[in-house]
Structures are given as structure tokens and as C-alpha cells.
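Novice: Since chain A is already given, all that's left is putting chain B on it; use the hints.
Listed here are the chains, written in short residue letters.
Protein chains: 2
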Amino acid sequence: MPEYSDDITLDSVKSAVKFEFDSLEKRLKAVLRSDVSLLDEIYASLSGNPGKRLRPNMLFLAARNSDGDPEKAVTAGFAVELVHTATLIHDDIIDANDLRRGQPTVSSKWGRNIATIMGDYLYSRAFSCLSEEGLWEVISILAHATNAMSVGEMLQFQHKRDVNISEKSYLNLINKKTASLFAASCESGAILGPNGNRDRNGYSMFGENIGLAYQITDDLFDYLDAEKYMGKPVAVDLAGGKVTLPFIISYKNAPENVRRRVGDMLRIGFDKEGCWDEMLLFIKNYGGVEYSIEKARNFGEKAKTFLNAVSSSPETDLLCYAADYVVERVVPYSG
Amino acid sequence: MPEYSDDITLDSVKSAVKFEFDSLEKRLKAVLRSDVSLLDEIYASLSGNPGKRLRPNMLFLAARNSDGDPEKAVTAGFAVELVHTATLIHDDIIDANDLRRGQPTVSSKWGRNIATIMGDYLYSRAFSCLSEEGLWEVISILAHATNAMSVGEMLQFQHKRDVNISEKSYLNLINKKTASLFAASCESGAILGPNGNRDRNGYSMFGENIGLAYQITDDLFDYLDAEKYMGKPVAVDLAGGKVTLPFIISYKNAPENVRRRVGDMLRIGFDKEGCWDEMLLFIKNYGGVEYSIEKARNFGEKAKTFLNAVSSSPETDLLCYAADYVVERVVPYSG
Chain A
10 MPEYSDDITL
20 DSVKSAVKFE
30 FDSLEKRLKA
40 VLRSDVSLLD
50 EIYASLSGNP
60 GKRLRPNMLF
70 LAARNSDGDP
80 EKAVTAGFAV
90 ELVHTATLIH
100 DDIIDANDLR
110 RGQPTVSSKW
120 GRNIATIMGD
130 YLYSRAFSCL
140 SEEGLWEVIS
150 ILAHATNAMS
160 VGEMLQFQHK
170 RDVNISEKSY
180 LNLINKKTAS
190 LFAASCESGA
200 ILGPNGNRDR
210 NGYSMFGENI
220 GLAYQITDDL
230 FDYLDAEKYM
240 GKPVAVDLAG
250 GKVTLPFIIS
260 YKNAPENVRR
270 RVGDMLRIGF
280 DKEGCWDEML
290 LFIKNYGGVE
300 YSIEKARNFG
310 EKAKTFLNAV
320 SSSPETDLLC
330 YAADYVVERV
340 VPYSG
Chain B
10 MPEYSDDITL
20 DSVKSAVKFE
30 FDSLEKRLKA
40 VLRSDVSLLD
50 EIYASLSGNP
60 GKRLRPNMLF
70 LAARNSDGDP
80 EKAVTAGFAV
90 ELVHTATLIH
100 DDIIDANDLR
110 RGQPTVSSKW
120 GRNIATIMGD
130 YLYSRAFSCL
140 SEEGLWEVIS
150 ILAHATNAMS
160 VGEMLQFQHK
170 RDVNISEKSY
180 LNLINKKTAS
190 LFAASCESGA
200 ILGPNGNRDR
210 NGYSMFGENI
220 GLAYQITDDL
230 FDYLDAEKYM
240 GKPVAVDLAG
250 GKVTLPFIIS
260 YKNAPENVRR
270 RVGDMLRIGF
280 DKEGCWDEML
290 LFIKNYGGVE
300 YSIEKARNFG
310 EKAKTFLNAV
320 SSSPETDLLC
330 YAADYVVERV
340 VPYSG
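Sequence order for the protein chains is A and B. Following my numbering, the numbering of the first sequence begins with 10 at its first residue and continues without gaps. Following my numbering, the numbering of the second sequence begins with 10 at its first residue and continues without gaps.
There may be inaccurate statements among the hints.
Under the rule of at most 25 Å between Cα atoms (straight-line distance), these lysine-lysine pairs were calculated in the BS3-like manner [as the list claims (entries may be wrong)]:
#, chain 1, residue 1, chain 2, residue 2
1, A, Lys23, A, Lys313
2, A, Lys293, A, Lys177
3, B, Lys61, B, Lys23
4, B, Lys38, B, Lys118
5, A, Lys251, B, Lys118
6, B, Lys27, B, Lys61
7, B, Lys118, A, Lys169
8, A, Lys118, B, Lys169
9, B, Lys23, B, Lys311
Each pair of labels, with its calculated beta carbon distance range [as the list claims (entries may be wrong)]:
#, chain 1, residue 1, chain 2, residue 2, range
10, A, Asp49, B, Leu47, 33 to 41 Å
11, B, Lys293, A, Asn181, 51 to 59 Å
12, A, Pro113, B, Gly272, 27 to 35 Å
13, B, Ser54, A, Glu310, 40 to 48 Å
14, A, Lys118, B, Asp78, 44 to 52 Å
15, B, Thr314, A, Asp49, 31 to 39 Å
16, B, Gly296, A, Ser46, 27 to 35 Å
17, B, Arg170, A, Arg270, 44 to 52 Å
18, A, Arg276, B, Cys284, 40 to 48 Å
19, A, Asp44, B, Thr314, 22 to 30 Å
20, B, Ser175, A, Arg276, 51 to 59 Å
21, A, Lys118, B, Glu337, 38 to 46 Å
22, B, Asp78, A, Lys38, 37 to 45 Å
Read the hints as simulated data drawn from the structure, not as lab findings. Quantities reported herein were computed from a predicted structural model and do not represent experimental measurements. Cβ atoms here follow ideal geometry from the backbone N, Cα and C, with glycine treated the same way.
So here's chain A without its partners, still in its complex pose (with noise of 0.2 Å):
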């Protein structure tokens, strides 16, 4: 299993990708001149804060890995990003955020309508310029991946307020909500290079178990004191009526009477100030912390191995960090 220095951070990653970072950006500033005053606008207002640039970073590392075209592969992270940004605005409006990195969400400034629109405007932008420079392969991974997205989507609000949601279903839904484009990103930047064939399958698992993996820390966050970190509130899926694993598996593991009332709490509508207290014992005293740490870990863990077939490079070592460094930076907040 490749390994990396100890002091590697997320800006490391992106100053071994310094190409294809900052023409990411660039392109990603020149999608503002769309003669739509309106889109210019609100597409201005997603640059305030603009996220870790995960996936793209992945993508380029993975292309880079495989002797893929660095322009092809700034094309397919742009892609990335715009998809992941438009689903990103869909999810706002379905779960009723007001806050996103600590800035207000597009549907709270402009309405849920306004943000149907530019969630569709930038999806479609993705799949447009990816066919504007012949990246066909990107496209059909890119397809089925916001297909499965969406299909997530659906299975999430199947289960809403289902405290008898099982671990698998879980994991099942995260995967095809989150875990999907992760992989497609790695498969993408896989496929941009000559032994492409060969290495798009194990790639495409690396991604998904860093997906699997990141999806499970961002639920523990919102059960953990982490607001200022994540600019977003915390016990907002949980008053959604989103059940994620470290409630399954406390819920799994507490006595009938503590479950009967957290399963009230959860059903007859949550209030933050009245039992949030006592939803985080839960949440913590019968497992549910520990166990999705652990969890996530282990999806860490896996995602490296499917590296192994790869030989040992740079690109490697890093996205063996990013494997990590989406399970760890739950830990200091976990304690």
C-alpha cells in the first residue's frame, strides 16, 4: 500500500496539480459572462466561498497518475465542479438550507424557483462543454453518476423520519448520492490517460470508498460541535428527518425505551433547543460515534488498497491522503 510523509496537507495536493488548479478556476470565473445578468449574479455569489475543490483535485491527481492530457482533465474537473455544484443547489432547496460554507445557500436569496433553474443551468453547462471538447467517455461516466444522484436523492426522501432504516440501505443511499460522483471524478481522470481501460475499475472503487467514507464523516458532523469548521449548523439532517448511521446504529443499540423516545423525537418533528442535548447522549452513549468513525476509517482503508495495482508515485501518496484526510478531520471534533 503506497504511503506518504506525514506532512502532507490539502495544499500540497493542490500545488502538485498547480496547472490544472488554476486553470480549474479560471474557467471556472469565465462562466460568469452568460448575458443573463440574473445567472452572472447568482453564479458570482457561489465564488464567496468556494469549497476544498475535492473531487476536480482527485481527478487531476488520477489523470496526472495516468499520463492523462492535463487540459483534457482541467475540462473534465471543471465538469466535476459545475456538477457538483448544481446538485449542491438542488439539495438546498430539498432540505431547506439557509447556509452552505457559511454563506447564504442560492434558494434562500433567491427562492427555491431561482435555484431549480440554476441547478439545471449548470448541469447542463457540464454535459455541454464536455461535449464541446469530445470527452465522450467523461460524459457517459458523468451521466451515470448524476443518475445515480439523483436516484440517491429519491431513496433519501424514501426514508425519511425511517428509524428502522438498516445500516446496508444506508450505505446504499450514500453511495449512490455521494460515493457516485467521487468515483466518477477517479474513473475520469483515469480514463484520460493510455492504460485507461486497465485502471478505470480501480480507480473508480478508490472513489467510491473515499465517497462512502466522506459522506459518513459529513453526517457525524452534524451531530458534533463543528459549526464554525463546516459553515453549516449542526442537527439540520436530523430535523430534517434524514436518519444517518450514527443514529441507526445507536438506535440499533439502545434499550427499547430509550429507542421508543428518540423514535418520538424524530417522528413528531425535532426541536433543536427542547432535546438536542439529549439526542447527542444518544447519539454517543450507545455507539453511534465511534462506530461511524470507525466506519469511515475502514472505507479509508479500502479505497487505499484498490491503489495497490497502481505503482507508487507522488500522485499516489496524495490520494492516499485525501483518503485520509476525509475520515480525519472529524476526529478533533468527535472527542
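Specialist: Same frame as chain A, now just chain B:
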């Protein structure tokens, strides 16, 4: 210019492309097997009143006339119909429509959130099925069309309750919002044939002009007593602040005091009970109805001229019929 006999009907179109039409229906039904019961349930409800399949049928005719592979045409038509359905679902969220083709809309029956996801699902399904059959050029055409459609939707928002929107801006808006998918359908049919690169532009322009005629008559229906015919109530567009051609023209022609009166009605909010009759009189008296029919007819005629380059055939006759159909359907209600 190609001519057709008077006894052609929409059914003639369907039977001329019977293989493609039947295969399309079969494929549309097969979408149902998605493993997510909620998706299937919603999709099944859409089949209740399926619409005229105008866009795929035009694609089929263009493909036949270009000697395109019928199986590929079916896939392309399937994707076009999925995109069209996705657009309707998102439009119905935005316009807060309760009814479409006489049936409850997805957003009215399942809520706006689920409708957002359903639209995303159908969009991405369209692109993923095209990529499975390697129809890359169709993907490119359709990606650009869906992007234009979202821009059109955004423009519509920008011009909400804008009594001063010019005819030119209106035409640009409906070109993007509606005509782009008609153009994409016809162009997609043409490129499936051996002379695709020679003919695609003509077919695209043919579709664009039909699309313009289609949207103008569709907008006109909002002012006509065609509730039963269209399955959607009248006065919806105007009540929602959509300023369309009949209004634009009558507003331009009316004297200052009338302009002020209808301008106030539109700006302050529109009470259908109170002043609908007055509004209808305004649209009629100041030439909005007549002008719109004339304009639609001109676009229909212009559309046909783009078929001149193509040899006359039963398919061109039927395409010409489609051009007339989208215009003349409004005439019985405009007296």
C-alpha cells in the same frame, strides 16, 4: 416548398413512423423498473395522459428522411422525450402549476422537492441512455439545447411582470426556452443519416421556427377559452406574471390610460375573477390575438422553407403538416 394533402392528421404522422413510435412507447414504459418505488410511482403517473410526442415524432421523420438508423432514432427520440418531461416537471414547480394535460402535476401531488429530484432523474437518464448507445453527437446537441432552455427559464424570471419587455426579447426568450428543443430534435434526426453534416442546419432551423410558432400559440391559449382542449386552465401565465406576445402587442398599441390600467393589474397582482374579462377585451381589441396568430403563421411558413433544400417526400409532407398543425390548432379558439 413541399405540399401535403388536406387529409393528413397527427395520426398520419404517428403511423408514418409506426415502428419508431411503438418502440418509443415501449422504452418509455420500461423506464419504470428503477428499484426505487417512489420513482416508479411518480413515473407511472406521468403515463396517465402522455401528450402528443411531437418532438420525438419530428425527430423520427427527420431521421427517416435522412436514411438514419431507426433504432438510433428511437434512442434519440426517447432521450428527447425524457428531457421534455423533465423540463415540464421543473416548469410546473416554477410556475406553481397544479394541472398539466388535465392531470395533477408532480409538484402538486408529491411536492416541489420530489419534483426537483424527478426532473434531475429524467435529465440524467436521457444523457446516460444516449451514452450507452454511443450517440455522442445527439448528446452534444441535446446538452446545448437543455442549457439554452435553462437560460430561457432564467430570462423568463428576469422579465416577470415586465410590461416593457420587447417583442425581440420575448422571441429570444421563447427561442431558448422552447424552440431550442424542437431544433435539437430535428437536427438529431438529420445527423443520424449519411448526409447529416450537410442537412443538420436546415433541419435545426426548421425545428427552431416550428418551436417559435408552437410557443406563440401556446402562449395565446392562455387568453383563449381552450381549457378543455389544453387540459390546463387559462389566465395562468398572466396571473403568474408571464408577459407574452398577445399582451406585448396590445400593450404597445393601446392608449396611455389603458396601458396604465392593465400595467397596474399585472404589477399589483392579477385577480382572475375581477378583471379577466377586461383583460381579454384588451388583448383582443388592441390586436394581440390577431398579431400573434399571424406571427406564428409566419414562423410556420418560414420553417417550411428550410425543407426546400431537402427533396420532397412523404416525410417532408408530414413535417410541413406539423408546422401547420402547431399554428392552426389555436385558430378554432381565437374567434
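Novice: The structure should be examined with respect to each hint, and the outcome stated for every one.
Specialist: Going down the list of hints, with the structure as the test:
no.	hint	in the structure
1	Lys23/A x Lys313/A	20 Å, holds
2	Lys293/A x Lys177/A	21 Å, holds
3	Lys61/B x Lys23/B	9 Å, holds
4	Lys38/B x Lys118/B	21 Å, holds
5	Lys251/A x Lys118/B	22 Å, holds
6	Lys27/B x Lys61/B	14 Å, holds
7	Lys118/B x Lys169/A	17 Å, holds
8	Lys118/A x Lys169/B	17 Å, holds
9	Lys23/B x Lys311/B	24 Å, holds
10	Asp49/A x Leu47/B: 33 to 41 Å	36 Å, holds
11	Lys293/B x Asn181/A: 51 to 59 Å	58 Å, holds
12	Pro113/A x Gly272/B: 27 to 35 Å	32 Å, holds
13	Ser54/B x Glu310/A: 40 to 48 Å	45 Å, holds
14	Lys118/A x Asp78/B: 44 to 52 Å	48 Å, holds
15	Thr314/B x Asp49/A: 31 to 39 Å	36 Å, holds
16	Gly296/B x Ser46/A: 27 to 35 Å	31 Å, holds
17	Arg170/B x Arg270/A: 44 to 52 Å	51 Å, holds
18	Arg276/A x Cys284/B: 40 to 48 Å	47 Å, holds
19	Asp44/A x Thr314/B: 22 to 30 Å	28 Å, holds
20	Ser175/B x Arg276/A: 51 to 59 Å	54 Å, holds
21	Lys118/A x Glu337/B: 38 to 46 Å	45 Å, holds
22	Asp78/B x Lys38/A: 37 to 45 Å	42 Å, holds
Comparing the model with each numbered hint stated earlier shows that all of them hold.
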